[in-house]
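Read off the chains here:
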Amino acid sequence: MKPAAFDHVAPETLDQALALLVRHGDDAKILAGGQSLVPVLALRLASPSWLIDLNRIASLSGIRRLESGELAIGALTRQRMVERSDVVALANPLLAAAMPWIAHVQIRNRGTIGGSLAHADPAAELPAICVACDAILVAQSQRGRREIAAAEFFKGMFETVLAADELLVEIRFPGWPVGRAHGFLEVARRHGDFAICGIAATVDRNDGGSICDSRIVAFGVNDAPVRLAAAERALIGNRGTSDAILAAASAASTGLSPRSDHHASSEYRLELAQVLTRRALIQSMRQALHNKSN
Amino acid sequence: MIESRDIELTVNGEARRGRCEPRMTLVDFLRETLSLTGTHIGCEHGVCGACTVLLDGESVRACLMFAVQADGANVTTVEGLAPPGEMNDLQRAFQAFHALQCGFCTPGILTTVTALLRENPNPTEDQVRHAISGNICRCTGYQPIVQAILDCARSRARVIATDGGRAK
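Listed in order, the protein sequences are those of chains A and B.
In terms of the working numbering, the first sequence is residues 1 to 294.
In terms of the working numbering, the second sequence is residues 1001 to 1168.
Since the hints were made in silico from the structure, they are not lab data.
Some hints here could point you the wrong way.
Unchecked claim - Taking CB as the label site, the calculated pair distances span: (1) A:Arg44 / B:Gly1072: 22 to 30 Å; (2) B:Glu1119 / A:Gly175: 27 to 35 Å; (3) B:Ile1002 / A:Gly175: 42 to 50 Å; (4) B:Arg1019 / A:Ser257: 50 to 58 Å.
Just so you know, even glycine gets a beta-carbon here, dropped at the ideal spot from N, CA and C.
Build the full structure now, drawing on both the sequences and the hints.
Right, dumping it as structure tokens:
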């Protein structure tokens, strides 16, 4: 189908975009990469009067390593640019590992990191990565700038804490500690489809080799990415043996309440959360051993 | 009434201009306004890959962007892969390996693979399958498509090896 008629405006500066957002309010949708928005328009699930197109705002795109060790990525940065970036590969290997799982190359060539986060699809990879990494999402409006912890940002299905006049402008990932291991896996009917369930994991160990911190985040199961706290707890203080991994995996479905839909039943998603947690932790521990031997 | 816009872009190396409503997708603009009907429209919501074109060298779905967004851009469609009436080596490989039956998906796959081989001239079979995972073909079962792409890449490598030897 063809989208309903709308008017298009492409500001060249962030200030202009923020002013347009105030002026048009609920009559406008923000167009970044368009890879989720344009299908929504084509299917006429939305019919805004205005599209505020961010693609001419050069300052919203780019990848920088800050002196603090943080990785800062402009919201309009194409997913493909993140995927190809040597800076990202060094500064956040989990993010780098997740990128090829996002849809298909044609989508990643247009799709932006900020667009995916603001869209907040429960089955999308990037929200889960941000939660697993304790990323900071920077929002701006005419009222000012605020930093939002990823864990606070996602409210539910396609829902974030962004106010109507706010734009997501930058994503900052904390520095990646030496020796941190990670795992990333998802199951979809076909590669590139939205995940039925996915797991992003990080594992930190102290000098003695005991696990001192871990993040295990599931996506595609609840309405927003969710930390599997019981599974994380099961790992702390031990050395990541197969017994510990199995204990963490069996705790992985605690607190999850997946929906049943035409892709998979709730029970199947719970089973996947356990299996993928186990596999993601095995990936992580293999990598930890590899890191150590280098 | 929403006003139409004039846009200017380069398509297959030629400067083109046209008028479009903001809601007109790039693929409709190419087909309806510029009469370049080589690019096909399948699902019209970003799933099938039939409408893939190269935008500033990168493969993109032309149904998922608006023509007004391509103002000033450089677009290559399947018509731009070889001079009119001719086929390039990739297209000849598709013919030789029977990598198409109805041909509806072919323009999107050819443009996708053009970008792939530019970035990765010597892909593995697995990389080829990944690269075309966003293009749906309902006829071939993909087997001959993958073979054609691998054969084209091998032939190009041989040509480079031969030329390289002569140049020395």
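Can you tell me whether the CB distance of Arg44 (chain A) to Gly1072 (chain B) sits inside 22 to 30 Å?
Taking Cβ atoms as reference, Arg44 (chain A) and Gly1072 (chain B) lie about 29 Å apart, which means the hint holds.
CB of Arg1019 (chain B) to CB of Ser257 (chain A), is that within 50 to 58 Å?
holds (52 Å)
Range agreement (Cβ of Gly175 (chain A) with Cβ of Glu1119 (chain B), hint 27 to 35 Å):
This hint holds: roughly 30 Å between Cβ atoms.
Quick one: are Ile1002 (chain B) and Gly175 (chain A) within 42 to 50 Å, going by C-beta?
For Ile1002 (chain B) and Gly175 (chain A) the Cβ distance comes to about 48 Å; the hint holds.
Checked against the numbered hints given earlier, the structure satisfies every one of them.
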